[in-house]
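Engineer: What follows is each chain in one-letter form.
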Amino acid sequence: MNFNMAVFKIAKPNGTVDDSEKDLVMTSDRACIIEMFSGIAEITTDDDGNGTTEITHNLGYVPMFFCFDKGYLDTTYWYPMYSIYAKATTTKLILEALYLDANTTYQCFYSIAGNRNDNAVGSGNSNVTGKIKIAKSGYDAEYETDIRNMNFVSGYNVWKVDTTLSGSFTVDTDGDGAGTFEITHGLGYVPMVFILNTDEGKMLPYTVPLFGGVFMLYWLDSNKIYGEISGADPSTTLNFKYKVLRDKIQ
Amino acid sequence: MAKIKALKSGETDIESTDIWRFAFHSDYPTFKIATAGTQDVTILAGTSEIYLDITHGLGYKPIFFAFLKYGIETIPIFGDGSGIFDTGILDEHGDPTSIITYQTLSDTKLRLGLYSAPYNLLNNTTFTLSWIIALDEF
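Residue numbers (my numbering), protein chains in the order written: chain E, 48 to 297; chain W, 157 to 294.
Just so you know, these hints were derived from the structure itself, not from any lab.
A quick note: this is a predicted structure, and the numbers were derived from the prediction, not measured.
The reader is advised that the hints may include incorrect statements.
[As the list claims (entries may be wrong)] Stretch-level coverage of chain W by chain E, calculated; a stretch enters the list once three of its residues show a Cβ under 8 Å from a Cβ in chain E:
hint, region
1, 167-179
2, 182-194
3, 201-213
4, 237-250
5, 253-262
Backbone N, C-alpha and C define an ideal beta-carbon position, used for all residues, glycine too.
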């Protein structure tokens, strides 16, 4: 069988398919992150403030995943894996509250991909679905049944970046090395957002001040992205980039 | 321009302006995976840190996601401070030891690292790092 296939590309609005691969909406040569499971789970703590909820994925391998949680610092906002510890096994995503408020219910949004967390191929699952299917190199989209071997299927969600709402910003720290930021996305719902400190090349959050006691956190509501920095160099300009997805937390 | 759209299961309005209702929408780029992998790392005797440099060579800082596996559980790695707060290995006081992770992304490589805490108690312990690096510039 000949797998030397034509390449299917979709350009961004006002772009062309001859643009650099990174600037395309998609290309059949590259795997997307294919979301198989998502939702909001609740974790109720016991008298000691501990609690666990498990989401069964049964993929047979550790998938790529991401979570946002709500409720510990403020019941209005969503934080990127700040209060709830998320860990995956080959069958489950385990969401764990440790020493939070006792007898309290916390919410955690989860997004579990069909991609293995190293995007490796595999076999044994029958979970390919959708009318548009693009297989990874060496696999036949018509007959492939394991989602790990697919670059794209229309039967599951793929994360969608809003390039207009994404961008960059700076934060000027004060004499104590502290600062805040606030960015309006205005979507009317809480979107998934990722933020990178481009000076250090680190994705937020920084939750334990390892190096120089730096702490960086952001949180989200249906209108804005908020953030707080402490322990950074005093009176310094920090640089950030962020990606706003059109995929909805709540 | 013509658009290519695929609704999520259960959604019916192909003209909807609620983009979250779509599994795919040609106006909104997906993350396109450039490279991915996995590798075991071991904290050697007499040390408390190990890191792995992954060359992506893109010439810019890309979107990425990274993970640490210890035992049967895998956690995500963030900027600084995510980790496994009880490895199951106890220190001399009977308290749990921890692993603290960090990441550093440049235009050419991604560094994933981890520390044992307290210092020097997880010698010869092996962990597995995994990563997905997208073509998409952050």
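Engineer: Now, for every hint given, state plainly whether the structure supports it.
Structural biologist: Verification of the supplied hints:
no.	hint	verdict
1	167-179	holds (count 4)
2	182-194	holds (count 12)
3	201-213	violated (count 0)
4	237-250	holds (count 4)
5	253-262	holds (count 6)
Violated hint: 3 only; the structure is consistent with all others.
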